[in-house]
Amino acid sequence: MDRSQALAEHIRAAAGKGKPLCIRGGGSKSFYGREPAGEPLDVCGHRGIVNYQPEELILTVRCGTPLHEVETTLAAQNQMLPFEPPHFGPQATVGGAVACGLSGPRRAGAGALRDYILGVRCINGRGEILRFGGEVVKNVAGFDAARLMAGALGTLGVLLDVTFKVLPRPAAELTLAFEMDEARAIETMNRWAAQPLPLSASSFHAGRLCVRLSGSEASLEAAHRALGGETLAGADDYWQALREHRLAFFAGTHPLWRLSVPPATPPLKLGEETAGDTEWFLEWHGAQRWFRIAPEAGIDAGTLRRAAAAAGGHATLFRHGDRTGEVFHPLPPALLALHKRLKAAFDPDGVLNPGRLYPAF
Amino acid sequence: MDRPTSSDLVTALRRLLPAEQVIHDTEALRPYECDALSVKRRRPQVVCLPDTVDQLRAILKLCRERNVPIVARGAGTGLSGGALPLEQGVLLSLARFSRILEIDPRNRTARLEPGVRNIAISEAAAPHGLYYAPDPSSQIACTIGGNVAENAGGVHCLKYGLTVHNVLGLKILTLEGELLEIGGQALDGAGYDLLALYTGSEGLLGLITEITVKLLPRPAAVTVMLAAFPSIAAAAETVTRILAAGIVPAGLELMDRLAVQAAEDYVHAGYPRDAAAVLLCELDGGEAELEAQAGHLASLLRAGGAQDIQRADTPEERARLWAGRKAAFPAAGRLAPDYYCMDGTIPRRCLAEVLEQIGRWSEEYGLRVANVFHAGDGNLHPLILYDAARPGELEKAEAFGARILELCVAKGGSITGEHGVGVEKLDGMCVQFDAAELNQFHRIKEACDPLGLLNPGKAVPSLHRCAELGAMHVHGGKLPFPELERF
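Chain order of the listed sequences is A and B.
Just so you know, we're using this note's numbering here: the first sequence kicks off at 19 and counts up by one.
Just so you know, we're using this note's numbering here: the second sequence kicks off at 281 and counts up by one.
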């Protein structure tokens with residue numbers, strides 16, 4: 019059902035009163051970002067697939083549509099969202115996935131959610147319905163406000179429709195497992211990533227490196243011969259569980275940190291207490307590193323952020339912990355000022371998810 | 281000869297830069313009057329060629345204080361007039377920032393100054409078995425700074441994406457002289473996706489002083505197939521079938537009869553001169569994967585009506601098959617004194633229909649059109665042939681081109697796939713976007729460049745321009761900007 023006009027009216031009214039709105043889809047990622055505040059604006063009613071052309075490899079979908087519905091539709095045509103967005107719950111919507119901008123294990127081989135966005139329709143904080151990008155792969159008309167929406171956590175606009183580029187599912191997949199330490203795993207993943215191998219995902223945790231290969235049967239056999247390793251049984255379930263954070267590592271209520279660093283960064287050492295590697299879970303050839311440890315261990319946000327920044331990356335408090343302070347990596351003053359001006363350019367009255375991304379806007 | 285109006289500014293600039301880095305002499309300014317859209321020319325007041333970031337900052341400060349607009353320029357290969365100078369402005373050439381700062385084989389990245397030529401990146405990465413994927417046709421000359429500013433594409437972007445998919449980090453100098461560091465060697469950064477915003481922003485939002493790009497492993501094997509089709513519709517239909525079959529070629533190019541004949545006469549690449557259309561398809565990957573795909577591709581080509589299929593596996597043979605496609609533009613230049621290169625995109629399913637319409641208009645305007653395009657991603661490059669020496673013919677070519685772009689928008693596509701808006705497609709922007717959307721673009725511009733001195737007047741048209749255009753140009757009885765006052 020198309021609820022664009024009703025949603026736009028709602029936003030205009032809120033802007034008139036200066037009343038902040040908390041944009042809400044399925045609520046599966048309400049744990050992410052800073053504490054939500056404001057009057058809830060339910061966008062789930064705006065749902066349905068608008069246009070799916072399997073032979074064009076494009077899909078346009080309303081943002082309240084459940085993510086599983088989209089993936090089921092694509093799977094029926096042997097296609098997929100190549101960035102494997104995490105759902106984190108059966109109610110997950112397309113809009114929530116785009117607003118959070120998160121990608122799953124296949125990001126290592128196929129690219130990120132933002133790479134597959136071709137266009138969006140959205141409502142800015144003035145209640146205007148705007149369309150950026152389009153339904154074609156190549157389009158350089160106007161500033162790329164469509165991709166700007168990915169990961170903006172709804173602070174620049176309420177997403178209405180998104181057009182994705184989609185891809186065929188690989189003919190076959192094979193996961194290989196290897197025993198080794200963290201330093202060697204990082205070196206190995208990056209050495210392989212520099213070779214023409216059909217790598218589509220990688221992970222390292224507790225002395226085990228897993229790499230997933232995707233392609234034709236023949237190419238997987240050739241790669242297996244070149245790399246060696248043991249075939250991992252139940253691999254589909256493993257990557258699915260990793261994508262959805264259902265592995266044992268992710269269980270419990272200790273703060274979960276996400277560090278995004280250059281992939282070949284050597285193992286990060288945060289102090290005497292973290293001599294082992296069980297606190298770390300690596301993905302994306304080492305570019306995405308999950309860290310979790312009991313608060314009593316005394317590793318604070320500052321330590322993690324300094325370590326991430328020193329390596330040339332950033333750290334996010336992904337789940338649990340204190341969500342009233344800075345959840346995302348603090349921005350240098352000039353960048354923060356630019357963020358505030360951009361926020362004001364889209365949402366002058368500050369009604370769209372204020373404070374969800376950074377305290378200052 | 282020095283022009284007196286600008287002497288004051290020139291004197292001030294000469295205090296900031298050595299004499300040979302400030303060009304003011306009329307003759308020496310001539311090469312800077314235009315970029316590759318040579319029908320639009322303007323003489324800049326002065327050209328600066330700084331080679332340090334400190335010099336850049338000093339120039340920006342001077343321009344800020346004197347309210348002088350700045351147009352940045354790389355190699356000047358842009359096709360939409362993005363680097364067209366302003367008469368009262370400074371043209372800032374970044375050509376001297378040409379150092380490759382770092383090739384990092386472990387993280388598979390290259391850190392570059394903006395004046396580094398596109399092809400030089402792949403050359404520097406080659407010893408590590410790596411390369412930089414986006415390869416615009418001007419890659420031996422064009423610079424990475426210009427590629428980022430225009431979000432350049434190329435023949436391989438069907439599989440490997442545009443510039444925006446291959447940039448990991450940027451350093452941006454704002455007009456206020458602040459250096460913004462966005463992204464880096466990690467796969468994402470904190471905050472808004474400013475890499476996406478700045479890529480393709482055509483020099484309106486900030487000056488790019490450093491770029492980090494990702495490098496990819498060279499594919500193990502590459503094969504190219506060339507197929508001749510009895511009709512353009514059959515070739516277009518085959519493009520759709522190839523992609524629907526799950527094959528994602530590295531490149532998928534289509535040329536029509538006129539383009540094929542022109543190219544063949546020019547470079548003798550062995551293209552079938554009697555074909556109505558030629559499809560050029562490049563596959564890459566592991567050897568085992570490639571062989572299976574090549575067999576599948578050949579059967580799809582035959583099923584689609586291809587009469588003559590050539591296959592090339594060696595670098596020399598592949599180069600021969602590509603030579604015809606790569607020569608298409610200069611070859612078209614031999615067919616007529618001038619040509620106007622369009623750059624629209626459409627959903628692939630509309631290819632045949634749009635090409636037929638272009639054919640009808642070609643007769644109506646009495647101007648021949650050679651069609652060369654990146655068929656895999658629906659990116660058309662109709663080359664409208666004309667003779668600027670004949671009065672009114674350029675205007676006719678432009679009017680024809682504008683209609684093609686309007687058709688692209690009507691089919692759900694875009695007025696520009698990879699060449700940018702610049703000054704050339706400002707009117708097309710009025711067709712593709714409504715007033716609220718254009719206003720949002722202007723607000724983004726103001727957020728990044730509050731004084732409005734960076735490449736003003738390009739990429740996003742003023743609402744007044746659109747209103748005036750709309751008054752002349754009514755679609756289906758509907759004024760595109762009914763809320764605006766008419767003048």
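Everything labelled a hint here was simulated from the structure, so no lab data went into it.
No experiment lies behind these values; they were computed from the predicted model shown.
Warning: the hint list may mix true and false statements.
The list that follows gives simulated cross-link-like pairs (lysine-lysine, DSS-like), each with its CA atoms no further than 27 Å apart [claimed, not checked]:
#1 B:K494 with B:K676
#2 A:K358 with A:K35
#3 A:K358 with A:K37
#4 A:K183 with B:K341
#5 B:K494 with B:K439
#6 B:K606 with B:K320
#7 B:K320 with A:K183
#8 B:K439 with B:K320
#9 A:K358 with B:K341
Not the full set, but computed from the structure, chain A residues with beta-carbon under 10 Å of chain B [what the hints assert, rightly or not]:
#10 G151
#11 F161
#12 A163
#13 S237
#14 P285
#15 K287
#16 L288
#17 A352
#18 G373
#19 P377
Ranges of calculated distance between the beta carbons of each label pair, as one might list FRET restraints [what the hints assert, rightly or not]:
#20 A:E262 with B:K341: 34 to 40 Å
#21 A:F49 with B:E300: 55 to 61 Å
#22 B:R379 with A:F49: 19 to 25 Å
#23 A:A93 with B:E678: 43 to 49 Å
#24 B:D588 with A:H86: 19 to 25 Å
#25 B:A679 with A:E73: 50 to 56 Å
#26 A:T342 with B:R344: 52 to 58 Å
Glycine included, C-beta positions come from ideal geometry on N, C-alpha and C.
Each hint, compared with the structure:
1. B:K494 with B:K676: Not OK: K494 (chain B) and K676 (chain B) at ~43 Å, beyond 27 Å, violated.
2. A:K358 with A:K35: This hinted pair holds, its Cα atoms lying about 21 Å apart.
3. A:K358 with A:K37: Roughly 18 Å separates the two Cα atoms, so the pair holds.
4. A:K183 with B:K341: Between K183 (chain A) and K341 (chain B) the Cα gap is close to 43 Å, so the pair fails against 27 Å, i.e. violated.
5. B:K494 with B:K439: holds, 15 Å
6. B:K606 with B:K320: holds, 25 Å
7. B:K320 with A:K183: With a Cα-Cα distance of about 36 Å, the restraint between K320 (chain B) and K183 (chain A) is violated, given a limit of 27 Å.
8. B:K439 with B:K320: violated, 34 Å
9. A:K358 with B:K341: This hinted pair holds, its Cα atoms lying about 23 Å apart.
10. G151: Because about 8 Å separates G151 (chain A) from the closest Cβ in chain B, which is inside the 10 Å limit, the hint holds.
11. F161: holds, 5 Å
12. A163: Because about 7 Å separates A163 (chain A) from the closest Cβ in chain B, which is inside the 10 Å limit, the hint holds.
13. S237: OK, holds: S237 (chain A) within 10 Å of chain B, min 4 Å.
14. P285: violated, 14 Å
15. K287: violated, 18 Å
16. L288: violated, 18 Å
17. A352: Since chain B brings a Cβ to about 4 Å from A352 (chain A), closer than 10 Å, the hint holds.
18. G373: violated, 14 Å
19. P377: At about 13 Å, which exceeds the 10 Å cut-off, the nearest Cβ of chain B leaves the hint on P377 (chain A) violated.
20. A:E262 with B:K341: 34 to 40 Å: For K341 (chain B) against E262 (chain A), whose Cβ atoms are near 52 Å apart, the range 34 to 40 Å is violated.
21. A:F49 with B:E300: 55 to 61 Å: Given range 55 to 61 Å: holds, Cβ gap about 60 Å.
22. B:R379 with A:F49: 19 to 25 Å: violated, 45 Å
23. A:A93 with B:E678: 43 to 49 Å: Since A93 (chain A) and E678 (chain B) have Cβ atoms about 47 Å apart, the given range 43 to 49 Å holds.
24. B:D588 with A:H86: 19 to 25 Å: violated, 47 Å
25. B:A679 with A:E73: 50 to 56 Å: violated, 34 Å
26. A:T342 with B:R344: 52 to 58 Å: violated, 39 Å
Checked against the numbered hints given earlier, this structure breaks hints 1, 4, 7, 8, 14, 15, 16, 18, 19, 20, 22, 24, 25 and 26; the rest are met.
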